[in-house]
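2 protein chains.
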Amino acid sequence: MAPETKTLGGGSLLIAWQLKDKRVLVVGGGAVASGRLESVLVADALVTLIAPFQGLHPLTKQFIDTCPRVTYHDRVFGGPQDLADVDMVLTAIDDVETSEQICAMCRTLRIPVNVADIPPSCDFYFGSQIRDGPLQVMISTNGQSPKLANIIRKRIEECIPDQAGEAIEKVGKLRTKLRERAPGIGGDVGKRRMRWMIDVCTAWEMEELALLDDEMMGKLLESGWEKGRVPRVDEVGGKPKQSRTPAPTSCTLPMLLGFLAGGSCLALIFWSRTKSVVWA
Amino acid sequence: MAPETKTLGGGSLLIAWQLKDKRVLVVGGGAVASGRLESVLVADALVTLIAPFQGLHPLTKQFIDTCPRVTYHDRVFGGPQDLADVDMVLTAIDDVETSEQICAMCRTLRIPVNVADIPPSCDFYFGSQIRDGPLQVMISTNGQSPKLANIIRKRIEECIPDQAGEAIEKVGKLRTKLRERAPGIGGDVGKRRMRWMIDVCTAWEMEELALLDDEMMGKLLESGWEKGRVPRVDEVGGKPKQSRTPAPTSCTLPMLLGFLAGGSCLALIFWSRTKSVVWA
Numbered sequence: 001m002a003p004e005t006k007t008l009g010g011g012s013l014l015i016a017w018q019l020k021d022k023r024v025l026v027v028g029g030g031a032v033a034s035g036r037l038e039s040v041l042v043a044d045a046l047v048t049l050i051a052p053f054q055g056l057h058p059l060t061k062q063f064i065d066t067c068p069r070v071t072y073h074d075r076v077f078g079g080p081q082d083l084a085d086v087d088m089v090l091t092a093i094d095d096v097e098t099s100e101q102i103c104a105m106c107r108t109l110r111i112p113v114n115v116a117d118i119p120p121s122c123d124f125y126f127g128s129q130i131r132d133g134p135l136q137v138m139i140s141t142n143g144q145s146p147k148l149a150n151i152i153r154k155r156i157e158e159c160i161p162d163q164a165g166e167a168i169e170k171v172g173k174l175r176t177k178l179r180e181r182a183p184g185i186g187g188d189v190g191k192r193r194m195r196w197m198i199d200v201c202t203a204w205e206m207e208e209l210a211l212l213d214d215e216m217m218g219k220l221l222e223s224g225w226e227k228g229r230v231p232r233v234d235e236v237g238g239k240p241k242q243s244r245t246p247a248p249t250s251c252t253l254p255m256l257l258g259f260l261a262g263g264s265c266l267a268l269i270f271w272s273r274t275k276s277v278v279w280a
Numbered sequence: 001m002a003p004e005t006k007t008l009g010g011g012s013l014l015i016a017w018q019l020k021d022k023r024v025l026v027v028g029g030g031a032v033a034s035g036r037l038e039s040v041l042v043a044d045a046l047v048t049l050i051a052p053f054q055g056l057h058p059l060t061k062q063f064i065d066t067c068p069r070v071t072y073h074d075r076v077f078g079g080p081q082d083l084a085d086v087d088m089v090l091t092a093i094d095d096v097e098t099s100e101q102i103c104a105m106c107r108t109l110r111i112p113v114n115v116a117d118i119p120p121s122c123d124f125y126f127g128s129q130i131r132d133g134p135l136q137v138m139i140s141t142n143g144q145s146p147k148l149a150n151i152i153r154k155r156i157e158e159c160i161p162d163q164a165g166e167a168i169e170k171v172g173k174l175r176t177k178l179r180e181r182a183p184g185i186g187g188d189v190g191k192r193r194m195r196w197m198i199d200v201c202t203a204w205e206m207e208e209l210a211l212l213d214d215e216m217m218g219k220l221l222e223s224g225w226e227k228g229r230v231p232r233v234d235e236v237g238g239k240p241k242q243s244r245t246p247a248p249t250s251c252t253l254p255m256l257l258g259f260l261a262g263g264s265c266l267a268l269i270f271w272s273r274t275k276s277v278v279w280a
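If you're matching them up, the sequences are chains A and B in order. When the letters of the first sequence are read in order and numbered with the UniProt record's numbering, they come out as residues 1 to 280. When the letters of the second sequence are read in order and numbered with the UniProt record's numbering, they come out as residues 1 to 280.
Next up, chain A with everything else stripped away, as it sits in the complex:
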């Protein structure tokens, strides 16, 4: 259905920004900065971190010590020269004036910038996030309620299948193998590949996809792709997931208890009657 044009508005453009081998400058080393560091490292960025050593959060220190993609400078922001060849800037410092100056320089140089806690100085915001391997989910309430964003994030976390991340990773590998076996960009083969991958993802459970190993993938391509069908999990040497119907335990126990209670009650009635008869 076509969206109501008049209801379009009030939101943000949710996007997955690509940072592989891009240079990100992080100014500040506290708790907020450590979160920013993690976010950009997840996205394979090359990070320059500028922050006095005494204010570093333990997590920030850990990233500096263990991640070769982080270049650390123990000092405060030094001016426009710190922005040379930078593709993105994230600041998380208490100094509002310096923050706003950095933002102004970034705007002039057209470098995307986020200044923590100063919305007008942000080209983009960070939302509440979930990450499970290649799966990433962002929840944004567009600044209306961070707490509800958090509550919703928790609910979403609970309903994402346990092995979703692993399943996605395996499906990604299967896709690569399929492209090697049946190469070509777009066209008929591209459409067939896409259709077959969709069929596999639809026919198999997430937990089953997560179990795919090289051998199973080989068999799946051999007896599936080559024959234009989707084999069952056990046909390629996998163990199918237990039936989707809910376990009957939830009904069995109360029923059993009821059975025993019903029996006992009646037994008690008979027994008391027998007694009455004897005593009568």
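If you're looking for bench data, these hints aren't it; they were derived computationally from the structure. Among the hints, a few may not be true.
Copies of one chain are not kept apart here, so a pair can be met inside one copy or by any two copies together.
[To be verified] Below are the BS3-like pairs computed for lysine-lysine, each with C-alpha atoms no more than 25 Å apart in a straight line:
id	residue 1	residue 2
1	Lys177	Lys147
2	Lys147	Lys191
3	Lys61	Lys191
4	Lys177	Lys227
5	Lys177	Lys239
6	Lys154	Lys191
7	Lys191	Lys219
8	Lys173	Lys154
9	Lys191	Lys227
10	Lys147	Lys239
11	Lys147	Lys227
12	Lys191	Lys22
13	Lys191	Lys177
14	Lys239	Lys227
15	Lys147	Lys20
No experiment lies behind these values; they were computed from the predicted model shown.
Given the structure of chain A, go ahead and fit chain B onto it with the hints provided.
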């Protein structure tokens, strides 16, 4: 717990890009372009659309006809002059060469760009999305499996409370009213405001928050904020949501059936014994 540095990678930076009153150029008017149009209109962008009329998707036409924020040019992309004063460029045309030329110009001018179907020509990708008023959720599998992204999106859609969007909107309004009543940036009052809002969002159900109207908000602030407490829904004139505990039906019925079955069985045993005695 600190994240394992070695597992950080392979992802994107999920962000909520701000487009309010920014100029977005959309090149192309087909199905993909109509989706892009919707996404940027949701984010309050000012859109220039360049695409020959004969290739327009019905939805694209609808946006042109009904949305004053869309300026339409019935022609193909004309060169660098089309990029003047543009803050973001999205192309969705079949012409790969022109697409790559547009991308190159954008890179020179440092304009964020997304070229549909050509990943290396994208500064950012679009993910599978859910939108409910101010609530926006994006699911990204980082290109590994669009189908699984779709399956996960559907599962997430099912577990987001029905009135989440409305609840967020109402909480946003309540926050604005609270800020008017107790103004000041940061400091103690800021912390108190944040704490009280968190308490309200935690104590009330999503469905209850969604029911908040001006009168209820007034009472909530009067008898809640002013007295440092969180009133119940019915105290401010609202109807509380039915109890959170699951309906007992799921246990009662099997238990009752069991009870009857147990009783009947024992009755049958007694009856058959009595019979045997009589018949003996």
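Status of the hints after comparison with the structure:
1. In this assembly of identical chains, Lys177 and Lys147 lie within 25 Å of each other by CA distance solely across copies; the values are 17 Å between and 43 Å within a copy.
2. In the homo-oligomer, the alpha carbons of Lys147 and Lys191 lie at most 25 Å apart only across protomers (14 Å), although the nearest pairing inside one protomer, at 43 Å, exceeds that limit.
3. When the C-alpha separation of Lys61 and Lys191 is checked against a cutoff of 25 Å, the pair qualifies neither within a copy, at 48 Å, nor between copies, at 28 Å.
4. Taking the shortest Cα distances, Lys177 and Lys227 sit within 25 Å of each other inside one copy (16 Å), while across copies they are farther apart (64 Å).
5. Proximity of Lys177 to Lys239 under the C-alpha cut-off of 25 Å is restricted to the intra-copy arrangement: shortest distance 22 Å within a copy versus 57 Å between copies.
6. For the homomeric pair Lys154 and Lys191, the shortest alpha-carbon distance between copies (23 Å) is at most 25 Å, but the shortest distance inside one copy (37 Å) is not.
7. Taking CA atoms no more than 25 Å apart as the test, Lys191 paired with Lys219 passes inside one copy only; the shortest distance there is 22 Å, against 59 Å between copies.
8. In this homomeric assembly, Lys173 and Lys154 come within 25 Å of each other (Cα to Cα) only across copies, at 23 Å, whereas the closest approach inside a single copy is 29 Å.
9. Taking the shortest Cα distances, Lys191 and Lys227 sit within 25 Å of each other inside one copy (16 Å), while across copies they are farther apart (64 Å).
10. Only between protomers do Lys147 and Lys239 lie at most 25 Å apart by alpha-carbon distance; the minimum there is 22 Å, versus 41 Å within a single protomer.
11. In this homomeric assembly, Lys147 and Lys227 come within 25 Å of each other (Cα to Cα) only across copies, at 21 Å, whereas the closest approach inside a single copy is 51 Å.
12. Proximity of Lys191 to Lys22 under the C-alpha cut-off of 25 Å is found in neither arrangement, the shortest distances being 33 Å within a copy and 37 Å between copies.
13. With identical chains, the CA atoms of Lys191 and Lys177 are at most 25 Å apart within one copy only, with a shortest distance of 16 Å there and 54 Å across copies.
14. Taking the closest pair of Cα atoms, Lys239 and Lys227 come within 25 Å of each other only inside a single copy of the chain (22 Å); across copies the shortest separation is 60 Å, beyond that limit.
15. In this assembly of identical chains, Lys147 and Lys20 lie within 25 Å of each other by CA distance solely across copies; the values are 24 Å between and 31 Å within a copy.
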